[in-house]
Amino acid sequence: MATATLVPAGAGDPRDAVVGASPWRVALHALYRDRSAMAGLVMIFLLAALALAAPLVAPYAPNAQPDIIALKNAAPSLAHPFGTDEYSRDVLTRIIYGARVSLSIAFLSVMVAATVGTAYGAIAGYAGGAVDTAMMRLVDALLSIPVVLLLIAVATLWDGRLGVVGLILMLGLTGWFGVSRLVRSLVMSARADEFVTAARALGASHARIVALHILPQVISPVLVAATLAVGNVIVIEAGLTYLGVGVQPPHASWGSIFHDGMNSLASSWWVSLFAGVALVITVLAVNLVADGLREALNARQLPAR
Amino acid sequence: MRRFLARRLAHGVLVVFVATTLAFLLIHMAPGDPFSSTLSSERVDPVALANWRAAYGLDRSLPEQYGRFLAQAARGDLGPSISGGRPAADVLGDALPYTLLLMGTALLLSFVLGTALGAWQAARRGSAADKMASTASLVVASLPEFWLAVVLILTLAYRVRLFPSGGAIDAAMHDALPPVGRIIDILRHLALPALTLAMLGTASIARYQRAAVLEVLPLDFVRTARAKGLSERVVLWRHALRNALVPTIVLAGLSLPTLFGGAVFVEQVFAWPGMGRAAATAFAARDYQIVVGATILGAVLVVVGGIMTDVLHAAVDPRVRHGER
Chain A
12 MATATLVPAG AGDPRDAVVG ASPWRVALHA LYRDRSAMAG LVMIFLLAAL
62 ALAAPLVAPY APNAQPDIIA LKNAAPSLAH PFGTDEYSRD VLTRIIYGAR
112 VSLSIAFLSV MVAATVGTAY GAIAGYAGGA VDTAMMRLVD ALLSIPVVLL
162 LIAVATLWDG RLGVVGLILM LGLTGWFGVS RLVRSLVMSA RADEFVTAAR
212 ALGASHARIV ALHILPQVIS PVLVAATLAV GNVIVIEAGL TYLGVGVQPP
262 HASWGSIFHD GMNSLASSWW VSLFAGVALV ITVLAVNLVA DGLREALNAR
312 QLPAR
Chain B
23 MRRFLARRLA HGVLVVFVAT TLAFLLIHMA PGDPFSSTLS SERVDPVALA
73 NWRAAYGLDR SLPEQYGRFL AQAARGDLGP SISGGRPAAD VLGDALPYTL
123 LLMGTALLLS FVLGTALGAW QAARRGSAAD KMASTASLVV ASLPEFWLAV
173 VLILTLAYRV RLFPSGGAID AAMHDALPPV GRIIDILRHL ALPALTLAML
223 GTASIARYQR AAVLEVLPLD FVRTARAKGL SERVVLWRHA LRNALVPTIV
273 LAGLSLPTLF GGAVFVEQVF AWPGMGRAAA TAFAARDYQI VVGATILGAV
323 LVVVGGIMTD VLHAAVDPRV RHGER
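For the protein sequence lines, the chains are A and B, in the order given. When the letters of the first sequence are read in order and numbered with our numbering, they come out as residues 12 to 316. When the letters of the second sequence are read in order and numbered with our numbering, they come out as residues 23 to 347.
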């Protein structure tokens with residue numbers, strides 16, 4: 012989709028120069044002034060950069076076991092700022108590499124969920140009538156199934172070999188129900204707008220109306236919902252991995268590093284502590300940004316609840 | 023009210039039906055069947071395997087298996103548990119009271135504390151206390167359940183030996199205790215898992231409740247209440263809060279599946295013998311009847327909880343009670 016469609020109609024209107032910038036500029040500005048949201052955003056960018064540049068910034072190789080005897084569960088030191096684990100692996104290195112797994116699972120599965128949910132909700136909301144009723148009944152039912160239990164069931168049925176891609180798909184395919192309800196209600200109200208009627212009168216096809224006139228209005232609420240979902244998914248993935256259901260070795264997410272450290276919590280607390288701190292800081296940063304985004308976009312875009 | 027309940031019940035049946043169908047589909051989409059994963063096919067006589075499959079009806083057509091699966095589930099038969107040697111329904115039945123006790127306590131605590139905190143914050147919005155409480159609830163709401171559980175074990179069970187760190191009873195002492203002692207024993211074990219879930223629940227409910235009260239405070243009926251000369255305390259806690267409870271009750275009903283997910287992690291950390299722990303243990307043993315049964319039973323519990331929140335909703339909001347929705 013071209014970026015031009017993101018700007019609501021009327022943004023090119025010369026009067027806007029007097030009244031103010033486009034809603035997106037206003038929202039960006041509001042977000043920019045929101046100090047806690049900016050702190051969260053900076054934190055996320057830092058973590059993402061760290062994850063991307065892992066081979067460059069991490070002091071050791073991710074699975075290197077330098078000295079399994081002498082460096083087993085070594086306390087934090089200059090050489091190993093976060094200490095080492097029971098296989099003498101550097102905890103800082105593992106957390107940096109773990110960021111790749113934790114963050115990519117979270118972002119990719121939310122993208123799957125947002126895409127599926129938007130498509131499903133748009134179809135239901137635009138079609139209306141019996142199609143809408145049937146589609147939403149299904150979503151209501153799916154929303155009532157505890158996702159964590161469902162994911163454990165799926166992991167068991169697939170004999171624990173879900174893999175990272177499988178995990179992303181599962182989290183994505185169980186995460187779209189809420190988004191679809193949100194999109195459906197937004198599409199229903201957008202469908203009644205006069206410019207949609209005008210577009211239809213001009214002979215625009217349904218696909219064109221949905222893509223060019225309706226979906227652009229849905230983007231910002233979906234963005235807020237998706238940001239909130241990223242925080243949730245990080246927590247769910249870490250929890251599942253903690254249970255042994257999620258990410259499997261040799262991959263390591265923050266959840267698995269935390270879990271590994273639990274065996275020797277009393278003697279070598281650093282393994283779990285730093286993984287847990289990474290987890291909490293990330294989720295907090297994501298939630299701060301989500302809160303800021305909601306505030307920034309709320310006034311113009313979200314329907315009053 | 024009766025029609026409302028009937029409609030709600032029909033919806034509940036639909037939810038359980040969808041959950042059961044989903045479970046059936048997943049079982050059949052998964053690679054292999056119980057007999058290819060639990061018995062190594064090379065050593066077992068193929069004829070014996072075929073007999074086993076026939077005995078469990080796995081050789082029949084998919085629609086027929088689906089019908090049988092639904093009929094069994096409707097009778098409360100969730101199939102045999104491979105690891106326990108007894109019906110999966112029995113295993114889950116043993117775990118159910120513990121999950122209900124844990125979730126019920128957590129939900130009650132979060133609701134009472136969360137609404138109170140939210141209303142208290144809304145009454146002094148913008149003050150330092152409000153900002154501090156807002157920050158605190160945002161931080162707590164961001165904590166992973168198992169993380170908070172471990173922190174509480176380290177502090178309140180290991181450092182200060184206030185509560186036991188796991189299990190539901192003191193295995194050595196429990197049977198020797200008098201009845202009251204047994205209840206206290208269970209409550210002591212319940213304290214930390216319930217506190218973990220209640221802290222997270224309180225934080226998220228307070229965030230919504232604060233917003234809900236703020237939305238209600240500028241309304242006319244609040245001004246009327248003030249104009250009648252009612253004290254600010256009565257206005258806030260009796261008039262504003264009661265109206266602001268409605269969205270929070272709805273929210274609490276909607277967040278039941280999430281609470282369930284959190285309970286799974288918390289049960290595992292505290293070795294609380296509920297459904298979540300049963301499911302996690304069953305995962306390790308690849309006992310799929312139990313995990314599938316837990317999913318279906320979980321959906322049933324969410325439905326029942328949803329109906330209960332709707333009844334509560336009706337009790338609080340006369341507009342619902344009289345059918346003007």
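These aren't lab readings, by the way, just hints derived from the structure by calculation. Possibly wrong hints are sitting among the right ones.
Some chain B residues close to chain A (C-beta under 8 Å, calculated; not the full set) [to be verified]:
hint, residue
1, Val37
2, Val40
3, Phe46
4, Pro53
5, Tyr78
6, Leu92
7, Gln94
8, Pro166
9, Leu178
10, Ala179
11, Phe282
12, Val286
13, Ala302
14, Phe305
15, Arg308
16, Ala321
Even for Gly, the Cβ is constructed at its ideal location relative to N, Cα and C.
We went through each hint and held it up to the structure:
1. Val37: Constraint on valine 37 of chain B satisfied, holds at 4 Å.
2. Val40: holds (4 Å)
3. Phe46: violated (11 Å)
4. Pro53: holds (7 Å)
5. Tyr78: Violated, because the Cβ-Cβ distance from tyrosine 78 of chain B to chain A comes to roughly 16 Å (cut-off 8 Å).
6. Leu92: For leucine 92 of chain B, the interface hint is violated, since the closest Cβ of chain A sits about 15 Å away, which is over 8 Å.
7. Gln94: Result: violated, 17 Å to nearest chain A Cβ.
8. Pro166: Constraint on proline 166 of chain B satisfied, holds at 4 Å.
9. Leu178: With a closest approach of 15 Å, the leucine 178 of chain B hint is violated.
10. Ala179: Violated. Min distance 12 Å.
11. Phe282: holds (4 Å)
12. Val286: holds (5 Å)
13. Ala302: holds (5 Å)
14. Phe305: With a closest approach of 5 Å, the phenylalanine 305 of chain B hint holds.
15. Arg308: Since the shortest Cβ distance to chain A is 6 Å, the answer is holds.
16. Ala321: holds (5 Å)
Checked against the numbered hints above, the structure breaks hints 3, 5, 6, 7, 9 and 10 and satisfies the rest.
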